[in-house]
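Residue numbers (my numbering), protein chains in the order written: chain A, 41 to 149; chain B, 7 to 715.
If you're looking for bench data, these hints aren't it; they were derived computationally from the structure.
Bear in mind the structure is a predicted one, so any value in this text is a computation, not a measurement.
The reader is advised that the hints may include incorrect statements.
Unchecked claim - Here are the simulated DSBU-like pairs of lysine-lysine, each with C-alpha atoms no more than 35 Å apart in a straight line:
{"no.": "1", "chain 1": "B", "residue 1": "K28", "chain 2": "A", "residue 2": "K44"}
{"no.": "2", "chain 1": "B", "residue 1": "K135", "chain 2": "A", "residue 2": "K57"}
{"no.": "3", "chain 1": "B", "residue 1": "K715", "chain 2": "A", "residue 2": "K63"}
{"no.": "4", "chain 1": "B", "residue 1": "K604", "chain 2": "B", "residue 2": "K580"}
{"no.": "5", "chain 1": "A", "residue 1": "K57", "chain 2": "B", "residue 2": "K715"}
{"no.": "6", "chain 1": "A", "residue 1": "K108", "chain 2": "B", "residue 2": "K625"}
{"no.": "7", "chain 1": "B", "residue 1": "K604", "chain 2": "A", "residue 2": "K63"}
{"no.": "8", "chain 1": "B", "residue 1": "K640", "chain 2": "B", "residue 2": "K715"}
{"no.": "9", "chain 1": "B", "residue 1": "K135", "chain 2": "B", "residue 2": "K191"}
{"no.": "10", "chain 1": "B", "residue 1": "K625", "chain 2": "A", "residue 2": "K63"}
{"no.": "11", "chain 1": "A", "residue 1": "K63", "chain 2": "B", "residue 2": "K640"}
{"no.": "12", "chain 1": "B", "residue 1": "K261", "chain 2": "A", "residue 2": "K108"}
{"no.": "13", "chain 1": "B", "residue 1": "K65", "chain 2": "B", "residue 2": "K135"}
{"no.": "14", "chain 1": "B", "residue 1": "K65", "chain 2": "A", "residue 2": "K63"}
{"no.": "15", "chain 1": "B", "residue 1": "K625", "chain 2": "B", "residue 2": "K423"}
{"no.": "16", "chain 1": "A", "residue 1": "K71", "chain 2": "B", "residue 2": "K28"}
{"no.": "17", "chain 1": "B", "residue 1": "K571", "chain 2": "B", "residue 2": "K604"}
{"no.": "18", "chain 1": "A", "residue 1": "K57", "chain 2": "B", "residue 2": "K118"}
{"no.": "19", "chain 1": "A", "residue 1": "K113", "chain 2": "B", "residue 2": "K604"}
{"no.": "20", "chain 1": "B", "residue 1": "K278", "chain 2": "B", "residue 2": "K692"}
{"no.": "21", "chain 1": "A", "residue 1": "K113", "chain 2": "A", "residue 2": "K80"}
{"no.": "22", "chain 1": "B", "residue 1": "K163", "chain 2": "B", "residue 2": "K278"}
{"no.": "23", "chain 1": "A", "residue 1": "K108", "chain 2": "B", "residue 2": "K118"}
{"no.": "24", "chain 1": "A", "residue 1": "K46", "chain 2": "A", "residue 2": "K63"}
{"no.": "25", "chain 1": "B", "residue 1": "K163", "chain 2": "A", "residue 2": "K113"}
{"no.": "26", "chain 1": "B", "residue 1": "K118", "chain 2": "A", "residue 2": "K63"}
{"no.": "27", "chain 1": "B", "residue 1": "K604", "chain 2": "A", "residue 2": "K57"}
{"no.": "28", "chain 1": "A", "residue 1": "K108", "chain 2": "B", "residue 2": "K163"}
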Amino acid sequence: MEIKIKTKNNILIITLKGSIDSKTAPEVQQKVLESSVNSKNVIIDLTSVDFVSSAGLRVLLMLYRQIKVKNGKVVLVGVSEEITDIMSMTGFINFFEIIDTVENALNTY
Amino acid sequence: MAELDFDTRIDYYPTHEHQGIKYRRGHVLPFGATMVPNGVNFSIYSSAAYSCILVLFVKGANEPYAEIAFPEEFRIGNTYSMIVFDLDFELLEYGYRMDGPFDPESGHRFDKSKILSDPYAKAIGGRDKWLAPPDWDNIYSHRSRLVFEDFDWETDKPLETPIEDLVVYEAHVRGFTNHPSSGVKNRGTFAGAREKIPYLLDLGINCIELMPIYEYDEYEHSKTNPETGELLVNYWGYSTLNFFAPKSGYAATGKYGMQVDELKTLIKEFHKNGIEVMLDVVFNHTAEGDHRGPTISFKGIDNNTYYMLTPEGYYFNFSGTGNTLNCNHPVVRNMVLDCLRYWASEYHIDGFRFDLAAILGRAQDGSPLNNPPLLESLAHDPVLAKCKLIAEAWDAGGLYQVGSFPAYGRWAEWNGKYRDAIRRFLKGEEGLIGELSQRLQGSPDLYSTRGTSAGINFITCHDGFTLYDLFAYNEKHNEANGENNNDGNNDNFSWNCGCEGETEDEGINILRHRQIKNALSILMVSQGVPMVLMGDEMGRTKYGNNNTYCHDNGLNWMNWDLIDKNSDIYYFAKHIINFRRNHPVLRNRDHFRNSDYKNTGYPDISFHGVHAWNADWSKSSRVLAIMLDGGHAKNGYTTDDTIYVAINMHWEALPFEIPQLPENKNWHVSVNTDMPPPHDFHQINKEAVLENQSSCILGPRSVVILVGK
Numbered sequence: 041m042e043i044k045i046k047t048k049n050n051i052l053i054i055t056l057k058g059s060i061d062s063k064t065a066p067e068v069q070q071k072v073l074e075s076s077v078n079s080k081n082v083i084i085d086l087t088s089v090d091f092v093s094s095a096g097l098r099v100l101l102m103l104y105r106q107i108k109v110k111n112g113k114v115v116l117v118g119v120s121e122e123i124t125d126i127m128s129m130t131g132f133i134n135f136f137e138i139i140d141t142v143e144n145a146l147n148t149y
Numbered sequence: 007m008a009e010l011d012f013d014t015r016i017d018y019y020p021t022h023e024h025q026g027i028k029y030r031r032g033h034v035l036p037f038g039a040t041m042v043p044n045g046v047n048f049s050i051y052s053s054a055a056y057s058c059i060l061v062l063f064v065k066g067a068n069e070p071y072a073e074i075a076f077p078e079e080f081r082i083g084n085t086y087s088m089i090v091f092d093l094d095f096e097l098l099e100y101g102y103r104m105d106g107p108f109d110p111e112s113g114h115r116f117d118k119s120k121i122l123s124d125p126y127a128k129a130i131g132g133r134d135k136w137l138a139p140p141d142w143d144n145i146y147s148h149r150s151r152l153v154f155e156d157f158d159w160e161t162d163k164p165l166e167t168p169i170e171d172l173v174v175y176e177a178h179v180r181g182f183t184n185h186p187s188s189g190v191k192n193r194g195t196f197a198g199a200r201e202k203i204p205y206l207l208d209l210g211i212n213c214i215e216l217m218p219i220y221e222y223d224e225y226e227h228s229k230t231n232p233e234t235g236e237l238l239v240n241y242w243g244y245s246t247l248n249f250f251a252p253k254s255g256y257a258a259t260g261k262y263g264m265q266v267d268e269l270k271t272l273i274k275e276f277h278k279n280g281i282e283v284m285l286d287v288v289f290n291h292t293a294e295g296d297h298r299g300p301t302i303s304f305k306g307i308d309n310n311t312y313y314m315l316t317p318e319g320y321y322f323n324f325s326g327t328g329n330t331l332n333c334n335h336p337v338v339r340n341m342v343l344d345c346l347r348y349w350a351s352e353y354h355i356d357g358f359r360f361d362l363a364a365i366l367g368r369a370q371d372g373s374p375l376n377n378p379p380l381l382e383s384l385a386h387d388p389v390l391a392k393c394k395l396i397a398e399a400w401d402a403g404g405l406y407q408v409g410s411f412p413a414y415g416r417w418a419e420w421n422g423k424y425r426d427a428i429r430r431f432l433k434g435e436e437g438l439i440g441e442l443s444q445r446l447q448g449s450p451d452l453y454s455t456r457g458t459s460a461g462i463n464f465i466t467c468h469d470g471f472t473l474y475d476l477f478a479y480n481e482k483h484n485e486a487n488g489e490n491n492n493d494g495n496n497d498n499f500s501w502n503c504g505c506e507g508e509t510e511d512e513g514i515n516i517l518r519h520r521q522i523k524n525a526l527s528i529l530m531v532s533q534g535v536p537m538v539l540m541g542d543e544m545g546r547t548k549y550g551n552n553n554t555y556c557h558d559n560g561l562n563w564m565n566w567d568l569i570d571k572n573s574d575i576y577y578f579a580k581h582i583i584n585f586r587r588n589h590p591v592l593r594n595r596d597h598f599r600n601s602d603y604k605n606t607g608y609p610d611i612s613f614h615g616v617h618a619w620n621a622d623w624s625k626s627s628r629v630l631a632i633m634l635d636g637g638h639a640k641n642g643y644t645t646d647d648t649i650y651v652a653i654n655m656h657w658e659a660l661p662f663e664i665p666q667l668p669e670n671k672n673w674h675v676s677v678n679t680d681m682p683p684p685h686d687f688h689q690i691n692k693e694a695v696l697e698n699q700s701s702c703i704l705g706p707r708s709v710v711i712l713v714g715k
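For reference, chain A alone in the conformation it holds in the complex:
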């Protein structure tokens, strides 16, 4: 799992690569939650993520809850059709805005 984190216009952009499953979720959770402590707005780029397991979905939702209490917003970018389907059937999709590219996501803030 590769995790890249940068900031643009005060918006945190987290780029993930690989699978978010029970093996990688603890590391993603730690890094993502830590880096977003001082952010209200977060973009997560999943373009290079091929699978998100139950544990992975929960990391995303935990981030959402952390940002929500600050009245911020979490946007997911580059979500594959399969992951969109899984998130839709398991209800997780309702919590997020889904945008095709990082550029377009930046424009929503």
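Dock chain B against chain A, hints included.
Same frame as chain A, now just chain B:
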């Protein structure tokens, strides 16, 4: 002051180690496998085991990667518990080995060569995808798994709709959308059912009752149809492997182990749309069969506790399926209670329908109890306090308790007498007007102290003919089940309207459609809680098969194209269901008083016939009309229009004299099943004024419903 972290607890740290796996003494309660900080707490009960071993697998592996014996100091009473550290929640599969006596006469059938599934497991692996070919050499076929129990329900909770306001739709998850005509993305799944919520809303349904969704093995007793070569399976699912785990094969995401989230999402969406979710639960037996059946879980953990056994150590068979769960053993009773609480609280389930519930009132020796502790516990349980509890009040051992099921002020029943009486009346039998009037009133003869809502009224359910087949077949046609037509009920009280099966005869087909509309009309104007079988609203047929438990094909998949083929039935069903939803006068909770206690000038209910105010109760009569006074709606707590329902099951048309309304009101026609579509009903609030306010002709075998306003 610093926040108290989990790692400051002493039990965050292991005390023992085996093959590199760290563990410590666990917590006795709750039973099952529970995620705790840093590990998983395992706890299981057995009253007669000598010892117990926890067996751990990596998901899908043939062999376990570890077997950890519970040290004697981890056993408290008859429970074994331990916390194991650093487990991968998603990839773990676990089970138990129990060593103990094999002595069937004493009730014990321990076999330490078997790996046993946890009765309290929250998910079961092995049948992840519907009918995926199993590995028959698997040393552990139905594997216990962990689930995350942190679903984000937001503001959702069970709806607590008054039971008398429900219109229940009995559906099979797979059958509902598996036919290609359903048009959903993931056919036959929880996700697929979710796509059909708008359909149910439009139809007027506000409660869906799901046939069993606890994990079961569709391959159980599977066999090949000798005539067609087709695989016959355990399709309906009335054979539970585990009471806490949802059926993975019903989830499009089951292959990823996400069935729990998918089901909860479905329930959350149903609730958002005002639709309650009821589960058909099977606590009368398990999938382990009799002494010849497999050892999967209960049998190898504590046979004597979980099953009702004969003095010789064989299995009582009150369920007709091999064994009988020992429901009134205190330990089993607690398991049932834990299970229902779990579904009510974790899954927000609104109610439960108990399959062959008379068994739940039997003692450990099989005799019926006067005051069955399980039924009493459920009725008074704090968590289940607002759940609907509905009994199928009979069993396969001859105990028939419709009207006498121990209710404790809570329990409702599937009213089997309603089904039989209405069917016989519809097919034209005489001598039924007295009983018909009781059934229309919510069966006060059966539920005098329990109110109308003690009865779930139904004419059809999964078991038996569909509504269409009720008027297309005199006899069952179960050859496709591979049992020489010997299975299934012979007393169907059906009438084929003149030809057995499909016909081109227009007259017969018109009569069949009319009879379906008559049946739906009677069901929807009866006091009590109506239940509709999935597909009856569109004239679904099973081609005369009245026991389709084993078919994963068009006999059980609802063909959505029937909406077009039988559009008149569909539009009529939608009308009559919504008519009920619109008229509180049809939905009393308590029985009629047969008096004018609101001083409206009319009694709450009155009985009529060909002559107003003069019903014909004689043996040869096939005619009855009732008038429900709008001033007494909901037992007088609200007001509504006055409704007049006239039913003629005579084969000839008859003129009915209609009771007079107050001067400022007129009769309007809502339904006349004798009229060809689209004149068989008028839209709600757009009803046509009845031309002759004092009489109307009822065609042969037809129903007229008038609204007085």
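Evaluation of the provided hints:
1. B/K28 - A/K44: OK: B/K28 and A/K44 at ~34 Å, within 35 Å.
2. B/K135 - A/K57: holds, 28 Å
3. B/K715 - A/K63: Violated, at roughly 68 Å.
4. B/K604 - B/K580: holds, 32 Å
5. A/K57 - B/K715: violated, 68 Å
6. A/K108 - B/K625: violated, 71 Å
7. B/K604 - A/K63: violated, 70 Å
8. B/K640 - B/K715: holds, 17 Å
9. B/K135 - B/K191: It holds: about 16 Å lies between the C-alpha atoms, which stays within 35 Å.
10. B/K625 - A/K63: Answer violated: B/K625 to A/K63 is near 75 Å, above 35 Å.
11. A/K63 - B/K640: Roughly 58 Å separates the two Cα atoms, so the pair is violated.
12. B/K261 - A/K108: holds, 31 Å
13. B/K65 - B/K135: Status holds; Cα separation ~15 Å.
14. B/K65 - A/K63: Answer holds: B/K65 to A/K63 is near 13 Å, not above 35 Å.
15. B/K625 - B/K423: holds, 19 Å
16. A/K71 - B/K28: With Cα atoms ~27 Å apart, A/K71 and B/K28 stay inside 35 Å; holds.
17. B/K571 - B/K604: violated, 47 Å
18. A/K57 - B/K118: violated, 45 Å
19. A/K113 - B/K604: Violated, because 58 Å separates the two Cα atoms, which is more than 35 Å.
20. B/K278 - B/K692: At roughly 29 Å apart (the allowed maximum being 35 Å), B/K692 and B/K278 satisfy the hint.
21. A/K113 - A/K80: holds, 7 Å
22. B/K163 - B/K278: At roughly 10 Å apart (the allowed maximum being 35 Å), B/K278 and B/K163 satisfy the hint.
23. A/K108 - B/K118: It is violated: about 51 Å lies between the C-alpha atoms, which goes past 35 Å.
24. A/K46 - A/K63: Answer holds: A/K46 to A/K63 is near 24 Å, not above 35 Å.
25. B/K163 - A/K113: Holds. B/K163 to A/K113 sits at ~26 Å (cutoff 35 Å).
26. B/K118 - A/K63: holds, 33 Å
27. B/K604 - A/K57: violated, 72 Å
28. A/K108 - B/K163: holds, 22 Å
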